[in-house]
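Enquirer: Single-letter residue listing:
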Amino acid sequence: MENEAAKTELLPGTLDLLLLKTLSLEPMHGYGIALRIKQISKAVLQIEEGTLYPALQRLLMKGWVKAEWRRTENNRRARYYQLTASGRRQLEVQSHNFDRLMGAMVRVMEST
Amino acid sequence: MKFFRHVWFWLRRRDLEHDFDEEVRQHLELKIQGNLAQGLSPEEALRRARADFGNPVLAREHTRQSWGFPFLESIFQDVRYATRQLRKNPGFTTIAILTLALGIGANSAMFSFVDAFLLSSLPVKDPQELVYLQNYDRYGAFDQKSYEQLRDHSRTLAGLIAHDDGTITMTVDGSVSAMPVDFLSANVYSLLGVPAYRGRLLVPDDDLPGKPAVAVISYAYWERSFGLDPSVIGKPVQFKDVSCTIVGIAPPWFRGLRVGGAAPPVTLPAQWHQHLTLKDNNTFDLFARLAKGADVKRAQADLDLIYHQELEAEAGKIGDPEKRKEFLGRHITLTPARQGELAFDHRFATQLRLLEAVVGLVLLVACVNLANLLLARGNVRRREIGVRLALGARRSRIVRQLLTENLLLAIAGGLVGLLLSTQLTHLLLFVLRGRSDTAAVGVQLDATVLAFTAMLSVITGLIFGLVPALRSSRGSLSSSMRGDELTAEGKPIRGIRMLVAPQIAISLVVLILAGLLLRSLQRLQQVDLGFQHDHLLTFWLLPTLSGYDGEKELRLYDDVLSDLNQLPGVRVASLSRWSLLRRGRMHGINVDGVSHPDASIVLAVTSPRFFETLHLPVVLGRDFTARDNTSAPLVAIINEAMAKKYFAGEDPLGHRVTVPDQEPGVERTVVGVIGNMKFSFRSDTPLEGVYIPYAQAPQEDRGQAMIKVSTAVDPESMIAAIRRQIHTVAPDLPVVNPVKEDDLLYEENSQERSLSKLLAGFGALAVGLALLGIYGTVSYSVSRRIREIAIRMALGAQRGGLLFMIVRESLRFVLLGAAIGAVLALAASRLLGSFLFGIHGFDPLTYFLLIAALTVAAAFAAYLPARRVARVDPIEALRHE
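Note that the protein sequences, when read in sequence, are chains A and B. Using this note's numbering, read the first sequence as starting at 5 and increasing by one per residue. Using this note's numbering, read the second sequence as starting at 212 and increasing by one per residue.
Think of the hints as simulated: they come from the structure by calculation, not from any bench. Note that CB positions come from ideal geometry on N, CA and C, so glycine has one too. Take the hints with a grain of salt, since some may be wrong.
[As the list claims (entries may be wrong)] Chain B stretches covered by chain A per the calculated footprint, using a threshold of three residues with CB under 8 Å from any CB of chain A:
| # | segment |
| --- | --- |
| 1 | 213-223 |
| 2 | 236-248 |
| 3 | 262-268 |
| 4 | 273-284 |
Input sequences plus hints: build the corresponding full structure.
Expert: In structure tokens:
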């Protein structure tokens, strides 16, 4: 695979956060989510696309997102995922936690 | 909430899977399109799309797992696999399930008895608040007055319940019959929270003097005699001179104050007790419910104080200072009574416990058998397990899988056992009590029994399954994969063979207990009671319950007996106040003014010609005659044992005797001496006996009598004629329980008989299982050792010698088991204690015969499969390797 070294594995447990954050902008289908993450992270975050779907199912189960089949702009049928109210709350909690973690990590890394 | 969503997803998992597949397909399509748009070749576009996506099967699997319940599903998987395995081996499965069903079925049947009679509480509100009032005796006995005092003055009770059971003569629709009755203080139903099944039950007002008499009937009686006809409520019935109305039906589960045993047909308010009961039934048992917040100690002090005021008031009437002191020394103690009254004796409880222990042991034998089978099968399945281990199964998973199989077997066995146990309870009740209406005595398959059976099945599954499962999953991978048969005398075989010892030991214990009882019964049957009991018919008359008292009662007996004596087929008829065999009623005696308070005299009250009826010889003097009546001088007849002990060498005729605790101060002149008879099967020597004529008996011994009719023909053929005869003399007097004296005497030892039958049955079951175990072990061991045997043969061993070797190897453990069993039996025979007669717990003959029989049977069970040795062709067997 091309430019192997430039790609980074996701931190464990951050996939949910990533999905919630992506969906907080607008309802999206799976492929759209994959594209969006790739674009925004400038292709640094390499996610095996196959893992997105089990993760989305987990979010569905937890009630943080809901899904429905809709027509795309190109008139194809696709399954759109949308954040629910509890998903939004979850996003806040998780991103807050993530910020704290990152802040701490950065401080530790800089102190040495 | 989360759980419900989970279930909701799980239920829709097919749709969801479809959505998922659709979604993934779309994703890949879009991706390929995108790749094509970037100018890649179709092949490359497809390859990249797939590469970026990763493994779709894995994604799908992960998704599915998040919908499902993986742990539960793996259990389902285990169960499915286990079912398949068991179905593949129908022979093994059938034997295992049947063995378990017998073991578990016997246990749940036995347990439903233990539960009904020994464990369960009264089915009433808050039974733990109930207490039983004991006074001087282990059994409380309170007269009417004490009951009323305690009832009216206690301040620590929510209520006091008076109870006495007895017999009553009831006239319904013109027909009269005697039946059991409960007298209960009328507050009982409201105090215990028992609702009426139909109509109303007794209410406290029913006990107020002057209130009309009302009766409650039991559900079983309603069903039996009135066919569940609701119009029975309001029906008038007659007790002696009391007109009474049936007001209601008690619920089927209520049996008065007893947990096991049948409810009497009729219950009457306690106020009728004194008037309607037999003369010797003049006391109450008292139960109480403690008031809220009252503890037992306070209630006891409170009741004892009231009781003592009553005793002090009564003590003045007692002349003898010793007696008075004893009287005033009485106290009330309260004992918990959540089970109500023990409606059976201690021997029955011992019987149940003993049998419960024995069926437990039988189940253990069954478990050992199955463990055996499984160990053997585990060796057969080594290859299968080896494959699974090689494919990466964890050992714990394999053990779990094997345990699942065993639990499945145990549960199947439990279910079949449950079916068996309902039949078994009928059989058990029939053997124990001579009846089979289990529901009426409270033996039933209730939640407790079901829970016990379920628990037992699981425990059984673990006991017989754990060791084989652990063992099967062990061992080296390579040897099991090779199907290595090299274990000539490997550990597993020795382990299996050793299990024979406990099986034999347990079977022997049960067999010896049964054997000891059978020998006792044999001895009991040989006892010569000293009187002739064939061609003798016995029945009861209870004249006092039909209103015959005083002179009227005496005249009735005279009429009845003189009529019976003229009946064709009757040799002679007479009466006696008590049964011929009696336990416990011994009296002190006074001979010519000399007191022998520690003597143990049997006092009997009889009519003229009683000794003739029993073929007892009049040795000296004369029999009673019609002239020995109330106005004549008081007389007595003594037996030879009495004459020998108290009048050694003298002529006892004309001497005076008194039975002080029965008739204080009443002197009787001895007018005759008769031959001895035994008053119990178990007494070594004939006891001393004093007979007094019925017409001169004390008041409390009146009111009822046992009529003895010695016949020239089959006594049972006379019953109809006798009934007719009594009916013409007294139409309102039922003939109660006519039965051959032989049958009555047979009944005397019924507990020994039923216990020995059941022990013999369970013993046979245990032995059967043990023999099956030996057979299985030996045949397995032979099949595993074909090569060894072939080599030995090739080296010149004789077939006979090899056969003997095989049998001997098993027999070693049989003998070890027998030795252990004999020692255990010696200890266990103490439990039989009062059931044994004429032999000790160590009866050499019983032990020797049973050990010999069991050893021979075991040798035979080992010999049958060992014969295969004779058919081994050494060349064939060795070439096979």
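Enquirer: Does each hint fit the structure? Answer for all of them.
Expert: Verification of the supplied hints:
no.	hint	result
1	213-223	holds (count 4)
2	236-248	holds (count 4)
3	262-268	holds (count 6)
4	273-284	holds (count 4)
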